[in-house]
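K.L.:
Whenever a hint applies, use it, and build me the whole structure from the sequences.
Protein chains in written order, with the working numbering: chain A, 73 to 435; chain B, -14 to 248.
Because the hints were derived from the structure by calculation, they are not lab data. A quick note: this is a predicted structure, and the numbers were derived from the prediction, not measured. Yeah, the Cβ is synthetic: ideal placement off N, Cα and C, and Gly gets one too. It is possible that some hints are incorrect.
[Unchecked claim] With beta-carbon atoms standing in for the labels, derived distance ranges:
#1 Pro92(A) with Met72(B): 21 to 31 Å
#2 Pro75(B) with Pro92(A): 15 to 25 Å
#3 Arg136(A) with Leu162(B): 34 to 44 Å
#4 Gln370(A) with Gly76(B): 52 to 62 Å
#5 Pro75(B) with Val145(A): 24 to 34 Å
#6 Arg76(A) with Phe231(B): 54 to 64 Å
#7 Val49(B) with Arg136(A): 50 to 60 Å
#8 Gln134(A) with Gly98(B): 53 to 63 Å
[Stated by the list, open to error] Sample of chain A residues with no beta-carbon within 10 Å of chain B, all distances over it, derived:
#9 Asp96
#10 Gln103
#11 Pro112
#12 Gly114
#13 Met190
[Stated by the list, open to error] Partner residues are not named here, just some residues of chain B that face chain A (Cβ under 8 Å, in silico):
#14 Asp139
#15 Gly141
#16 Ala144
#17 Gln145
#18 Arg147
#19 Ser148
#20 Leu149
#21 Ala151
#22 Val160
#23 Pro163
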Amino acid sequence: MSNRAYCTIQGLTKRFRGLPAVCDLWLEIYQGERLALLGPSGCGKSTTLQMLAGLVTPDSGQIRLDGRSLNGVPPERRAMALVLQRGLLFPHLSVGENVAFGLKLRGINRAEREAQAMAMLAQVQLTGFENRRPGELSGGQAQRVALARSLVIRPKLLLLDEPLSALDATLRGDMQDLILRLQEDTGVTLLIVTHDQQEAVVMSHRIALMFDGYLRQIDTPEALYQRPNDATVARFFGGVNFFEAVGDRHRLRLPGGDMLTTDHPQQGPVQVTIRPERIHLLAEQLCGTNLLPVTITQTRFTGTHRHLTLSTVAGLELQAWVPPGQTFAVGQSAFAHLPPDAIWSFPSVDELSLPEPVSIRGG
Amino acid sequence: MTRKVALILIIAVLFLPFLPLVVWSVAKGWYFPQLVPQQWTGAHWAAVVAPGSRVLQGFWQSLVVAGLSTALALAVGLPAGRALGLMEFPGKGAIKLVLLLPIIVSPLATLMGIQFVLIRLGLNGTLAGVVLVHLLPTIPYMTLVLSSVYANFDTGYEAQARSLGASPIQVLWRVTLPLVAPGIVVGALFAFLISWNEFLLTFFVGGGQVLTLPMILFTALQGGNTGLTAAIAVTSVIPALIFLLFSSRALHDDAAMGGLGDV
Chain A
73 MSNRAYCTIQ
83 GLTKRFRGLP
93 AVCDLWLEIY
103 QGERLALLGP
113 SGCGKSTTLQ
123 MLAGLVTPDS
133 GQIRLDGRSL
143 NGVPPERRAM
153 ALVLQRGLLF
163 PHLSVGENVA
173 FGLKLRGINR
183 AEREAQAMAM
193 LAQVQLTGFE
203 NRRPGELSGG
213 QAQRVALARS
223 LVIRPKLLLL
233 DEPLSALDAT
243 LRGDMQDLIL
253 RLQEDTGVTL
263 LIVTHDQQEA
273 VVMSHRIALM
283 FDGYLRQIDT
293 PEALYQRPND
303 ATVARFFGGV
313 NFFEAVGDRH
323 RLRLPGGDML
333 TTDHPQQGPV
343 QVTIRPERIH
353 LLAEQLCGTN
363 LLPVTITQTR
373 FTGTHRHLTL
383 STVAGLELQA
393 WVPPGQTFAV
403 GQSAFAHLPP
413 DAIWSFPSVD
423 ELSLPEPVSI
433 RGG
Chain B
-14 MTRKVALILI
-4 IAVLFLPFLP
6 LVVWSVAKGW
16 YFPQLVPQQW
26 TGAHWAAVVA
36 PGSRVLQGFW
46 QSLVVAGLST
56 ALALAVGLPA
66 GRALGLMEFP
76 GKGAIKLVLL
86 LPIIVSPLAT
96 LMGIQFVLIR
106 LGLNGTLAGV
116 VLVHLLPTIP
126 YMTLVLSSVY
136 ANFDTGYEAQ
146 ARSLGASPIQ
156 VLWRVTLPLV
166 APGIVVGALF
176 AFLISWNEFL
186 LTFFVGGGQV
196 LTLPMILFTA
206 LQGGNTGLTA
216 AIAVTSVIPA
226 LIFLLFSSRA
236 LHDDAAMGGL
246 GDV
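P.N.:
As structure tokens, this is what we get:
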């Protein structure tokens, strides 16, 4: 993976019947990178992908791939390949013919075509499937054939549009591994569109998060978890703990008078967040800093974690996910330790001006 | 087993009415109370297949007219069906209604006007005129069948093919047409049979110059030669049967079903 911008999107805008779908989107994709375009349904991520693929014409903006402007270039000459949600194998062709489809259009002779298609099928672990009909395949197999069909033409950019959302959960994990391995083997630059933040985190080097047609943050998965730009981003990534505070460099003063130390300095009124899995719960007061006396008001066992709801003396509610071995009873008093490096904050803004966090899972 | 019996029953009910026709075509008189004709003859069939016979000429004439009007209806119906099936635009309902009008309104009401126009264009009594007027009932059927096929067609296949490197023409040839082929077969079957059996329009516009098989059949019927009429009638069923067999095979091919909607 290089740090040279391979595909650049500049000021991409699209409106449908006057309603903005994608607004002034700027994005750079590096060669060999896996980038996820993440967002709730209707956020414009699929429209962005279709504009990249040339299926939708942008109202304004530029797309460049490998130094070439793609404005006005038809989809078949963009050196991109598309894998859609339903695989869409051509039902009138055999699996082998499906994989060889793009090669045939490129005028590659039959022997060479077959050899490449067979090799590609072997790479997606479907050796011996070349004479099957698409109707005989399971959903996962069909999606693997679709991947093989797109990879065999060696695209500069592989576009995946919710490729795994039609598969069941166990199969999805296997397919994620397969896609990751294929991407590493071929070195293809990959853009995956998804509404599933788990999938985006697993599948990509960087995630571009979109809400309502706007790009909100583009960063590594770790950064999006630990250092979200605002509360909406934090909530989308499962953030549950938010509270107001006044920052004075590394010190944060909470409304109740409690003081917290953070590694991320801030000034003035801020909104503080900490991920529930980063809060440690101690039965005794072992260390001095960032320790809040709390009462446990709720406990839920989820199998891998124990989800606790904590209430501080000042009335602040926090959620903590502790290891399942730690048992706490409702009503019990304890001390919550908030590690300074886990406390993140962003300037307070009127929350109403931000779009409401839409449901994470959508159609 | 039950299925087989049912199938045999259906075939019997469908084809029994043809039996007397077949018998008539080889009988030399068949009158009450004879259960079977007393004398048989091949004369009627000999007359039908004789080189240069009017029946044979009519057969070819019908084939040309039906073939051409099916092809033209397809040329209009494919894009029209796509537009009606896939796109949303104002006045879509009205267009569908207008399309149905030639089927709803009796041709008797419009034939005089059509004939007047065709005479002025010099097309009355010509093959081209007959083909043109046969488009009147065939285009609506073709367009409606194809619009329901396209309504169930996933344009994702086309996007997919484009991204794999197919130009629009290649997409049409390699993806769209194979996928809607079953619908095309059904539409073509409708159009062909409608044109093949059309009498009234041919009678008026053909002006006695274009003699399709139904015209020949009508003349024979008026002539009172029952045996010959029966032979011609049986002849007129042949292409329909061939077309039906061919299309049922095409429709049974599962791979081709991808683009077939609720036709």
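K.L.:
Now tell me if each hint is right for this structure.
P.N.:
Results for each hint:
1. Checked against the given bound of 21 to 31 Å, the beta carbons of Pro92(A) and Met72(B), roughly 23 Å apart, stay inside it.
2. For Pro75(B) and Pro92(A), the Cβ-Cβ distance of about 24 Å falls inside the hinted range of 15 to 25 Å, so the restraint holds.
3. For Arg136(A) paired with Leu162(B), a C-beta distance near 35 Å keeps the hint of 34 to 44 Å intact.
4. For Gln370(A) and Gly76(B), the hinted distance range of 52 to 62 Å is satisfied, since their beta carbons lie about 59 Å from each other.
5. Taking 24 to 34 Å as the suggested C-beta distance range, the pair Pro75(B) and Val145(A) conforms, at roughly 32 Å.
6. In this structure the supplied range 54 to 64 Å holds for Arg76(A) paired with Phe231(B), their Cβ-Cβ distance being about 59 Å.
7. Between Val49(B) and Arg136(A), the C-beta spacing of about 56 Å keeps the proposed range 50 to 60 Å intact.
8. As the Cβ distance of Gln134(A) to Gly98(B) is approximately 57 Å, the hint placing it in 53 to 63 Å holds.
9. No beta-carbon of chain B comes within 10 Å of the beta-carbon of Asp96(A); the shortest separation is about 25 Å.
10. With a minimum CB-CB distance of about 20 Å to chain B, Gln103(A) clears the 10 Å threshold, and the non-interface call stands.
11. Consistency note on Pro112(A): stated as away from chain B, and its beta-carbon is indeed over 10 Å from all of that chain's, at 22 Å minimum.
12. No Cβ of chain B comes within 10 Å of the Cβ of Gly114(A); the nearest lies about 19 Å off, and the non-interface call holds.
13. In this structure Met190(A) is separated from chain B by more than 10 Å, as the shortest Cβ-Cβ distance comes to about 18 Å.
14. The criterion of a C-beta within 8 Å of any C-beta in chain A is met by Asp139(B), whose closest approach is roughly 7 Å, and the hint holds.
15. Below 8 Å, beta-carbon pairs count as interface contacts, and Gly141(B) has one with chain A at about 5 Å; its hint therefore holds.
16. Because the smallest distance between the Cβ of Ala144(B) and any Cβ of chain A comes to about 5 Å, under 8 Å, the interface hint for this residue holds.
17. With a least beta-carbon distance of about 5 Å to chain A, the hint placing Gln145(B) at the interface is held under the 8 Å criterion.
18. The closest approach between the C-beta of Arg147(B) and any C-beta of chain A is roughly 4 Å, which is under the 8 Å cut-off, so the hint is satisfied.
19. Annotation: interface hint on Ser148(B) holds; nearest CB of chain A at approximately 4 Å, less than 8 Å.
20. The restraint placing Leu149(B) at the interface with chain A holds, with a minimum CB-CB distance near 4 Å, inside the 8 Å limit.
21. Interface restraint check for Ala151(B): the shortest CB-CB distance to chain A comes to about 5 Å, inside 8 Å, so the restraint holds.
22. For Val160(B), the shortest C-beta to C-beta distance to chain A is roughly 6 Å, which falls under 8 Å, so the interface hint holds.
23. Of the supplied interface hints, the one on Pro163(B) holds, with its beta-carbon coming within about 4 Å of a beta-carbon of chain A, less than 8 Å.
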